[in-house]
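**Student:** So you can see what is in the structure, the chains are spelled out below.
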Amino acid sequence: GDSVTQMEGPVTLSEEACLTINCTYTATGYPSLFWYVQYPGEGLQLLLKATKADDKGSNKGFEATYRKETTSFHLEKGSVQVSDSAVYFCALSGYNKLIFGAGTRLAVHP
Amino acid sequence: DTEVTQTPKHLVMGMTNKKSLKCEQHMGHRAMYWYKQKAKKPPELMFVYSYEKLSINESVPSRFSPECPNSSLLNLHLHALQPEDSALYLCASSPIGGDSDEQFFGPGTRLTVL
Chain A
84 GDSVTQMEGP VTLSEEACLT INCTYTATGY PSLFWYVQYP GEGLQLLLKA
134 TKADDKGSNK GFEATYRKET TSFHLEKGSV QVSDSAVYFC ALSGYNKLIF
184 GAGTRLAVHP
Chain B
154 DTEVTQTPKH LVMGMTNKKS LKCEQHMGHR AMYWYKQKAK KPPELMFVYS
204 YEKLSINESV PSRFSPECPN SSLLNLHLHA LQPEDSALYL CASSPIGGDS
254 DEQFFGPGTR LTVL
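Sequence lines, in order, name chains A and B. For the first sequence, the residue numbers in the numbering used here are 84 to 193. For the second sequence, the residue numbers in the numbering used here are 154 to 267.
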């Protein structure tokens, strides 16, 4: 079945460092891909999305490109802030539901 | 209105209590979802409603009973829960037939079962 694999965390960075969180997927069709973010004590917020191969999603300085050839959707940011500390979930859409990766916790220190 | 609201924010209940969680959206979405999220885990899908009809039940125990009284509301009735049911319960909605199946999540209800 369809699945999502994310790099394990936690990821600990200093402010202004570069971020990459790896995400790869397995899917039988051509799903949409998402990154959701969950701040402590809150629900999930959509960070960015891509609906077809080679699409690039971007928001708040974060980017991810839908790579069909490598079945990947890695999340990147050039300069992280303390306020980016959260859990990040990669997900794909399939059969009327979202399939989530395990989540990657990011901690950014001043 | 572009948000999903959930009430209550926190709920503590005993194993013999009956309580309900409520979820509301006014975005015209015709698909609504209940998820359960344990600490440090991704959300687990429980139920999906499409056009107010239950379309997916992920083998959830009968002590959880969903209800969709209209296209804007989704309830989750709780009865005879166990301590292991303590979790964050998330509601989500999405348009049907959109280009991406994006789901919009509420802030969740944090449930503690004593």
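Accuracy of the hints is not assured; some may be wrong.
[As the list claims (entries may be wrong)] Here are the simulated lysine-lysine pairs, DSS-like style, with alpha carbons at most 27 Å apart:
| # | chain 1 | residue 1 | chain 2 | residue 2 |
| --- | --- | --- | --- | --- |
| 1 | B | 193 | B | 206 |
| 2 | B | 194 | A | 160 |
| 3 | A | 143 | B | 194 |
| 4 | A | 160 | B | 193 |
| 5 | B | 206 | B | 162 |
Bear in mind the hints are in silico, worked out from the structure with no lab data behind them. In this text, all values refer to a predicted model and were calculated from it rather than measured experimentally.
**Student:** With reference to the structure, classify each hint as holding or not holding.
**Tutor:** So, going through the hints one by one against the coordinates:
1. 193/B <-> 206/B: violated (31 Å)
2. 194/B <-> 160/A: With a Cα-Cα distance of about 23 Å, the restraint between residue 194/B and residue 160/A holds, given a limit of 27 Å.
3. 143/A <-> 194/B: With a Cα-Cα distance of about 24 Å, the restraint between residue 143/A and residue 194/B holds, given a limit of 27 Å.
4. 160/A <-> 193/B: holds (23 Å)
5. 206/B <-> 162/B: At roughly 26 Å apart (the allowed maximum being 27 Å), residue 162/B and residue 206/B satisfy the hint.
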